[in-house]
Amino acid sequence: AQSVTQLDSQVPVFEEAPVELRCNYSSSVSVYLFWYVQYPNQGLQLLLKYLSGSTLVKGINGFEAEFNKSQTSFHLRKPSVHISDTAEYFCAVSELRGGTSYGKLTFGQGTILTVHP
Amino acid sequence: DGGITQSPKYLFRKEGQNVTLSCEQNLNHDAMYWYRQDPGQGLRLIYYSQIVNDFQKGDIAEGYSVSREKKESFPLTVTSAQKNPTAFYLCASRPDRGNSPLHFGNGTRLTVT
Numbered sequence: 044a045q046s047v048t049q050l051d052s053q054v055p056v057f058e059e060a061p062v063e064l065r066c067n068y069s070s071s072v073s074v075y076l077f078w079y080v081q082y083p084n085q086g087l088q089l090l091l092k093y094l095s096g097s098t099l100v101k102g103i104n105g106f107e108a109e110f111n112k113s114q115t116s117f118h119l120r121k122p123s124v125h126i127s128d129t130a131e132y133f134c135a136v137s138e139l140r141g142g143t144s145y146g147k148l149t150f151g152q153g154t155i156l157t158v159h160p
Numbered sequence: 616d617g618g619i620t621q622s623p624k625y626l627f628r629k630e631g632q633n634v635t636l637s638c639e640q641n642l643n644h645d646a647m648y649w650y651r652q653d654p655g656q657g658l659r660l661i662y663y664s665q666i667v668n669d670f671q672k673g674d675i676a677e678g679y680s681v682s683r684e685k686k687e688s689f690p691l692t693v694t695s696a697q698k699n700p701t702a703f704y705l706c707a708s709r710p711d712r713g714n715s716p717l718h719f720g721n722g723t724r725l726t727v728t
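Top line first, the protein sequences correspond to chains A and B.
Counting along the first sequence from 1, when you hit position 114 you're at 157 in the numbering used here, and nothing is skipped either side.
Counting along the second sequence from 1, when you hit position 31 you're at 646 in the numbering used here, and nothing is skipped either side.
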């Protein structure tokens, strides 16, 4: 069974600083990888996804992530954060079986990003 | 606009009562999912349905029940057998295509006292 570990539960940064949110996964088969963002008392919004191809994936709001198969990681980065990026971020993985994903996502525990002025 | 509607936003119940959370989507998605979110634990899958009149248990199905009588609707009942029902519940859906991501509703916060 797959598992996802987000290595930091909280990440405080100052506005305009770069940030990296770390995610490692474990799976015995190929996977799809996702990052979602959640603002307080709201649902999750997709930031970006890795399905195949280029290991560097660009998403919305200036975020990007790099898939590293050898290290089983999918870290999320942004070169310069804004106050509005303050939210909780979730890494998620979906296993492929027979080349098909059934949409069952396994989520990490979440990382709360707090951007200070 | 298409989307997923969860109602109500906040729900309060007394211990020992069953309660049903509503989830409706007008995205014409085939598959629907219920997740439970607790602080510091991420999201855990309760039930999912890939087609009308069929559904499967997720990782934490005990104390919950669902139905899928219509494509647009996937209600979740939290029964009195659920030992710790207070949580934030999220409904999601996706088309039945291999690489489509999940779309989420805005959640229902259930408090049981």
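Take these hints with a grain of salt, some might be off.
Distance condition first, Cα-Cα at most 25 Å in a straight line; then the derived DSS-like pairs of lysine-lysine [as the list claims (entries may be wrong)]:
no., chain 1, residue 1, chain 2, residue 2
1, B, K686, A, K147
2, B, K629, B, K686
3, B, K686, B, K624
4, A, K147, B, K685
5, B, K686, B, K698
6, A, K147, A, K101
7, B, K629, B, K685
8, B, K672, B, K698
9, B, K629, A, K147
Calculated directly from the structure, the hints in this document are not laboratory data.
Structure-based check of all given hints:
no. : hint                 : verdict
1   : K686(B) with K147(A) : 18 Å, holds
2   : K629(B) with K686(B) : 31 Å, violated
3   : K686(B) with K624(B) : 22 Å, holds
4   : K147(A) with K685(B) : 21 Å, holds
5   : K686(B) with K698(B) : 30 Å, violated
6   : K147(A) with K101(A) : 23 Å, holds
7   : K629(B) with K685(B) : 29 Å, violated
8   : K672(B) with K698(B) : 17 Å, holds
9   : K629(B) with K147(A) : 32 Å, violated
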